[in-house]
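Given next are the chains, with one letter for each unit.
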Amino acid sequence: MTTTAAELPLLPGRLTTWDVVRAFPSAAAAFARRDLAVLLSYRTRVVTSNLESVFGLFLFYYIARLVHGGRFGTPQQYFAFVVVGMVVLTIVQSALAIPTALRQELVAGTFERLVLSPFGATAAVLALMVFPIAYALFRGALVLLFATTLFGLHPHWHTAIAAVPLGVLGALAFAPLALVFTAAILVFKQAPGQGAVLAIIAFVSGLYFPVSLLPWWLGWISEIQPFTPSVDLMRHVLVGLPLQGTASGMLLKMAGFVVIGIPAGTWLVAAAGRLARRRGTITEY
Amino acid sequence: MSRLATVTLLVAGVANKRAEPALLGLDGVTKRWGPRTVLDDVTLHIRPGELVWLEGDNGVGKTTLLRIVIGMIHPDTGSVSLDGLHPEHDRREYLRRVGFLSAGDRALYPRLNARRQLRFAASLALVPRPEQEAAVAHVIDAFGLEEFADRRADRLSTGQRQRLRLAMSLVHRPSIVVLDEPTNSLDRDGLAILGAYLLDVRQGGGAAVWAAPSGTHADLHFDRAFSLENGKLLRR
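Quick mapping for you: the protein sequence lines, in order, are chains G and V. Following the numbering used here, the numbering of the first sequence begins with 1 at its first residue and continues without gaps. Following the numbering used here, the numbering of the second sequence begins with 1 at its first residue and continues without gaps.
A hint or two may mislead.
To give a feel for the contact side, a few chain V residues facing chain G, derived at Cβ under 10 Å [stated by the list, open to error]:
(1) V98
(2) L112
(3) F120
Think of the hints as simulated: they come from the structure by calculation, not from any bench. We put the beta carbon where it would ideally sit given N, CA and C, even for glycine.
Extracted from the complex, chain V is given alone in its bound form (with noise of 0.2 Å):
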């Protein structure tokens, strides 16, 4: 059985965790970039073991909501939290359970090879220094990167950063997943690899939000689907 495969009869059979109090809570979410509401109103709350799929048009705000659930911009109006914590008031701690992966393609030191851009990571995110090697060898395994972790990033093919700059996004093992449009230029492993680790986030206990423009699709269960279309959140 493929590892695909495996992941999505894996995912079908999680138990249904409506019960558990959200890990990740939005309350009434709005955002404006000057005259035009990008976020209105928005409530969403994921709770442990769920995976999320975003989709809309481009432009329409999925990024900006994205990055209201990792801290990086503040909403005008609302509130967020993940795991009771506030992304301001507690966001050493906040930004510990967060792993983010932009869409495109930078956010890579090109002249440094992937294991020690791993390392530099694992540095960033605080993993304690006698933990680091461990949590290394884990992403470098878990995304397949053996063959070129010693290769520099810009030697890497555009698949390969791909997978890399994931590693670099989730080597402290965040308890929630965010992903902007993670599909790029990754292949078919690559995209079953990404499958994997999100089934094992959920197994774990962690969830995850996939953002992806309208009309693509992922080869993945989603436990909830929405769109985001004029600044509402749609259940789809």
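Next comes chain G alone, as it looks inside the complex (with noise of 0.2 Å):
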């Protein structure tokens, strides 16, 4: 026996702002521990969804093959414009996926865990961002990996490294859409249309093709949100692709989604928090 209950003192006094710093870093790694402990616990599922990424390869890499003029003048120059679309979606799919995580946790009632946890169930919500962006990150250098030495894909490997800080803009950029789905849930139990919203954006965004051949009705919804710089400056910088406007330009818009959406989408989460706890309902599903 190592210690008696009662040699531990009950809770001291207050955190001082000091050890809140501290502590909040420390519960958000905490998430990260725990969520790849989880996914690790599921090596099968590991495989196969890296498995996916390679069979999307494929598919475009012989879709690639039927592409000839316009923007591209070879099969090559569009399957790079597509590799980078495909490693965007899968990094900003990662801030999108907190609503469903907060779905899990509330079925699962460990909810119930967060929301009683000093750390805040607003925190926690946060916090379960942190390992899907960085695992999303890691399967986006996977995905180029894969195009790199199966299918001849050329990366700007001195740029390449600019990819990182962009992919984790881009995702915060998204975050607060997820935010709105994750106040939805918590205050109505579901958000439909995540996967719908996902769909639209990544058509109007220029994933599979250029934005350039939207018509002009649907051509200005690629300018409102924070995929389409996030894209374009993630091609520039991974293979090589012109800008389609100044890069200051496109940062300032992404980190506007950032600094001025997040915020909002945190206070969204934390008053559907207090709305579902007057309700009553904060850990129903």
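Bring the two chains, given one by one in their own frames, into a single complex with the hints.
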């Protein structure tokens, strides 16, 4: 026996601001460690989910063979274009995974522990993003590696490292949308339409084809969301495709979504949590 | 002498603490679910070192009362305070002082081993990182989890999972322990361990509320016992 219960004191006084500042990153990292451990406990899923990316590469490698002319001079140029689109989609999907993760916590009954923790439900919702974004960056790197080794993609290695902060920025720029869905789940216990929103965004943002092909009445949508600049910048740093605007303008747009959207989304989640507590439905699903 | 017997004797011997200010205070708490008044003007003050028994029939509102105590839901009227803290305005500090075990068999991560779950619970409770290993080791020892600390939760028996749930709820050494039907699946040893733990809580100046269905009992001496009937909290 190492200790008895009485040897440890009951909780001491209040946490100082410094205590909280130190404890919060540690708690957020605990979410990442937890999610990694859970993921690794499903070894087959890790392998198959990454194989899906390889199959996607196969598909677009052969579709690219059909592409000649227009913006793309060669099939390899279209393949490079769409591979980066796949990478960005993986990263964006990671941010949009929060509502699904929250729903799983509700169904498993583990959300109760998060709600009742001093870390808090709102911080926990934000922490749910940490591992999916990190894992999406890893998966994106794997897609690039497969595309390079199996399909002859030629990444611009000297600028590729910039894709990591750009990927994080892209995911964070999409997080506000995920926080809106998360708030809806806290209040209504469902948030239909996530898949449709992702599909629409992918459609109007130039994932599989240039946005210049969109009709004028759809083109404006590509200008008002952060996917388009994110994928454009990633294509530039990863495979050297020319930008459709200034890099600073695109970065500013994405940063704007982060700086305004995340505090607003966080406020919405906190308000949804308070409403659900008042109704007594916070842990219902 | 068995651990259980020790608990009984020591609990009976603890001095009367009526003069101390309340650790937990509920004043005029009312809660309605639709047209039904589940809690009707409930007032309860629990002092440091008190063990309180709460019983009632199924669906009478015990869990609602406990959830108000732990700050999970708001009362319609009335006030709640713990150690002078408000459950909403001082939420972080309030929750640091609460340890809650819900009824049932949920709130575990099936694919994680017990030790990893305890570390996660300690992080959530904002236990400083240098102290987390000691806190985890403490509850592993206190709740007799040594043998299966490195086993995944989905490979534990129901009783072992209940001990793990208790340990996760209490890893941060809360000053008030709120237990909703904690005897679920606990064997005699498990009950003795829980009793010993609660004794330590009360000796440290903490308190506990133990809710159970009417007609059940626990081999512990409680300082006060209440039953919840028709929304009213009645002294037994």
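Which earlier hints turn out false for this structure, listed by number in ascending order? Result: no hint breaks.
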